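Line by line, the protein sequences give chains A, B, C and D. When we follow this note's numbering, the leftmost residue of the first sequence carries the number 1, and every step to the right adds one. When we follow this note's numbering, the leftmost residue of the second sequence carries the number 230, and every step to the right adds one. When we follow this note's numbering, the leftmost residue of the third sequence carries the number 459, and every step to the right adds one. When we follow this note's numbering, the leftmost residue of the fourth sequence carries the number 688, and every step to the right adds one.
Derived by calculation from the structure, the hints in this document are not laboratory data. Keep in mind the model is a prediction, meaning the values are calculated, not measured. One or more hints might be untrue.
[What the hints assert, rightly or not] Quick partial rundown of chain D residues pointing at chain A, CB under 7 Å, derived from the structure:
id, residue
1, P791
2, D796
3, A800
4, K803
5, L807
6, Y830
Note that beta-carbon positions come from the ideal geometry of N, C-alpha and C, so glycine has one too.
Residues per chain are reported as follows:
There are 4 protein chains.
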Amino acid sequence: MIKVKLLEHTPNPERVVAMSARLCYSASGAEELAEKMSPEQVEKLVSKIVQMGHASTMEHVSFTFGIEGISRVLTHQLVRHRLASYSQQSQRYVAEHDFEYILPPTIADKPEAKAKFEALMQTIRSTYDELTEMGVPKEDARYVLANATETKIVVTMNARSLMHFFNLRCCNRAQWEIRELAYKMLAEAKKVAPLLFKNAGASCVATGHCPEGAMTCGQFAEMIKMREK
Amino acid sequence: MIKVKLLEHTPNPERVVAMSARLCYSASGAEELAEKMSPEQVEKLVSKIVQMGHASTMEHVSFTFGIEGISRVLTHQLVRHRLASYSQQSQRYVAEHDFEYILPPTIADKPEAKAKFEALMQTIRSTYDELTEMGVPKEDARYVLANATETKIVVTMNARSLMHFFNLRCCNRAQWEIRELAYKMLAEAKKVAPLLFKNAGASCVATGHCPEGAMTCGQFAEMIKMREK
Amino acid sequence: MIKVKLLEHTPNPERVVAMSARLCYSASGAEELAEKMSPEQVEKLVSKIVQMGHASTMEHVSFTFGIEGISRVLTHQLVRHRLASYSQQSQRYVAEHDFEYILPPTIADKPEAKAKFEALMQTIRSTYDELTEMGVPKEDARYVLANATETKIVVTMNARSLMHFFNLRCCNRAQWEIRELAYKMLAEAKKVAPLLFKNAGASCVATGHCPEGAMTCGQFAEMIKMREK
Amino acid sequence: MIKVKLLEHTPNPERVVAMSARLCYSASGAEELAEKMSPEQVEKLVSKIVQMGHASTMEHVSFTFGIEGISRVLTHQLVRHRLASYSQQSQRYVAEHDFEYILPPTIADKPEAKAKFEALMQTIRSTYDELTEMGVPKEDARYVLANATETKIVVTMNARSLMHFFNLRCCNRAQWEIRELAYKMLAEAKKVAPLLFKNAGASCVATGHCPEGAMTCGQFAEMIKMREK
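All chains, full assembly: derive it from the sequences and hints.
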C-alpha cells in the first residue's frame, strides 16, 4: 500500500503566496506586507490567485514528501516530472534479496494470475540471490529485478509544479498507481494549504478544461451537462 | 542600502538534506530515517554531503528572501538564474513618481559625478510625472526610468541553486551590486543552516577551483600559495 | 523597429516531432521511423499532436532567434521565461554613448510628450558621456541609462516553450512591445514549421480557453459567440 | 549492443555558439556577426569559450539522439537529467511478449550465472504472455518485466547539458551501461562539433578537477603525476 507522508513544507504557505502576489502590485516591501496582511486578506487573495492561475507566485512554497510502497513502474513515470527534486533508494547500493513488490489489482483479482505473478517474484528473488552469491555485484544483479519491485523516494515540488502534477496524474486517464499516489499527495497538501489546493486535481476539475481530446474519459462532458441542468 | 530578509525556509533544512541522502543507501523509509537520525549523525552526514558535492539532496530545502533597496541593473542579472522563483514589483502597475535609486560607489565618490547623477534622476522624475499627466499610461512612462531605479523582489531558491548562485556571484569578478546581495543572502542562509552553507561562497572558496581562467582575480592563486607555506 | 531573424533551427522539425511521438507507441527504433514515415504520415501526426497537446514531443526541436530593436523593458520580461536560453548584449562591456532607444506609441502620438521624451534621452546620453569621461566605469555609468535603451539578444527556445511563450505573449493583455516581438517570432517559426505552429498564439486561439478570468480582453467571448452563430 | 544515432542537431553549432558569445561584447547584431565571422575567428572563440567554461552560450545548440539496445536500468538513471527532453517507448502501449534484454558483462562472463539469467528472462516472457492471455492489460502485465528489458528512447540535450552529462557519466565511477552510452553520444557529438566537444568527458578530463573526493577512481591523481614529470 502506498504510504505518503508530508515531511516538511514551507511554513505559512498561503501567506507566502499571497504576500508574493501582493508585492508585484504594491509600493511596500515583502516583510512589511507579510506582517500587515490580515488572515482575511490572505484568504481572499489566495482564492483569487488560484482562480486566475497566477501560477508563478505559487512557486515560492515547496512540499517534501516521503513515499513508500510504490513500484519502479511508478517512479520511472514520476521522475519524468522535471520541475521537482528526487532522492530515491538505490538498487545499486541497497541489497534487494527480500524485496517487496506491488501487485496490480487486475492481477490480484484473478487467482490464477496472482499465483503466476507471485511465483515469478519468488523465482526472481532466488535468481537475485544466486547471482550475488556467485559474485555478481548488486549493481548488476538488479538487472533481474521486476518493474513491480517496491522502492522508496523523497520528492520535493513547489505548489505550481504540484498543481501541474495533479492536473496530469489525478486524471482518470493516468496510470492507476501514479493516480493513487497523486491523490494521496493532494490529500496531504490540502491539510496544510487548504485554500491553495481547494480545487486542485485533474485538469477538468482544476482548470475547467479537458486536454485529452478524443481520449477523454467523458467525466468532463458529464460535469458540463450537470452544470447546465 | 540593500535589505535582505529570509522570510521563510524549509524547517530543519539540514535534517531534511541528511535524511534524503541517507535514504538513497538505506533499506529504511524517509519518515523512519528522519526520526532515527541523531543530531550528530545529521551533522556528520551534512558535512560529508557538502564536501562531496552530493548536490541533488540539497534541492529538497528552499529559502525565500524578501529583498529591497536594489536596482534593476541587479534584477536583470538576478532573474537570469533560472532555477529560482521570482515575484517582482511591477513598473507596469506601481506608480514610480517618487522612485528611489541606487547610487554606484564610483559615482558617489566623485562630488561632480554625483551631482550630475542626482540632477539626472530629478529630471527623470519630472519627465515621468509630465508624461503621466499628459495621459501616458504607467506602463509606457516607465520607459524613461533609469536602470538605477530601486525595485523590490521576492526570491526563492533551493540550497543547490543557492550554492551555485554564491559560486558565481560572491566571486570578485561579479558586479559589485549583485555581489553585495549575494553576501547578504549567504549571511541569512548561514543563520538557519550553518553547516550546509559553511563553505559556501565564490567557486575558489567553495570548490577549491577557480573557473575564471585568464580573468581570475588572483585570490585563488594567493590561497594556494598560503596553503603551501 | 523590432527586427527578428530565425538564425538556425533543428532541421526537419515536424518530422522530428512526429517520429518522437511515434516512437512512444511503436516497436521500431527512431532511425527506422525517421526513414519510414511518409510526408503524409508526418503531417497527420503533427496535426494530431498539436490538437492533443502532446507537448513533450515538441521539445525535441529548437529555434534560435537573433533579435534587435527592442528595449530593456522587453528583455527584463523576456528573460523571465526560464525554459529558454539567452545571450544578451552587455551594458557592462559595450559602450552606450550613442545608444538607440524605443519610443512607445502612446508617447510618439503626443508631440509634446515625444519632445520631452527625446530631450530626456539626449540628457541621459550627455550624462553617460560626462560620467565615463570623469573615469566612472561603463558598468556603473549604465545606471543612468533608461529602460527604453535599445538592446540585442539571441534567444533559443524549443517548440513547447515557444508555444507557451506565444500563449502568454500574443495575448491582448500582454504588454505591447513583447506582444509585437511574439508575433514576429511566430511568423518566423511558421515559415519553417507551418503545421506545428498553425494554431499557435494566445491561449484563446491556441487552446480554446482564456485563462485571464475577470481581466479577459473579451476576444474569447466574441469567438465563442461567432462560433455559435 | 547500444546503438546511438545523432538524428538531428542545430546546424553550424560552433558558429552559433561563437556568434552568441560575441554578441554579448559587441555593438553589432546577431545576423551581422553570424555573417562576418571568419572560420578562424569561430575556431578561436569556441576554444576560448570551452576553456573559460562560458557555458550559457552552449545552450543555443541542441542535439537529438535516437538510442536503442539499452535497459530500463539505464533509462531510469538517464531521465534524471532534467535539462533534457525524452520520448521513450512505452511499456503501457507496446506489447513486450518477445522483449530483448541487456546482459551485464559480469553475468555474461560466468556461464552458470548467464544460464540462470537467461532462464529467468524466458520465465518472465512466459508469465507476461500468460497474464495478457488471461486478460491482464499490457499496462499491468509490464509489472513482471525485468530492469534488463530493452528499451528505445529519443533524447535531446543542448551542448551545455551534454557537457554536464559527460562530466558525470563518462566518469569511471558511473555505472557501466550509462557510461558506455555517454561515450557513444560523445563520439557522435564530436563528429559535428569537434572543437566544442574536444575536451568533453569526465570532470577530471574536462575541467581539470575531480569532484569524487574519497571515492575517486584515482585516474585524476595519475594525470596530475604524469603532468608533473
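Requested in this report: Would you check whether D796(D) satisfies its interface hint, that is, whether its CB is within less than 7 Å of any CB in chain A?
Outcome: 9 Å, violated
Query raised in the report: Under the criterion of a CB-CB separation shorter than 7 Å, is Y830(D) in contact with chain A as hinted?
Result: Hint on Y830(D): holds, closest Cβ of chain A at ~4 Å, below 7 Å.
Report task. Against chain A, run the beta carbon of P791(D) and see if the smallest gap drops under 7 Å. Result -> 4 Å, holds
Query raised in the report: Holds or violated: is the Cβ of A800(D) closer than 7 Å to a Cβ in chain A?
Result: 5 Å, holds
Query raised in the report: Taking the least C-beta to C-beta distance, is K803(D) closer than 7 Å to chain A?
Result: With Cβ-Cβ at 5 Å, under 7 Å, it holds.
**Report entry** Status of the hint placing L807(D) at chain A (closest C-beta pair under 7 Å)
**Finding:** With a minimum Cβ separation of about 5 Å from chain A (threshold 7 Å), the hint on L807(D) holds.
The structure fails hint 2 only (numbered hints given earlier).
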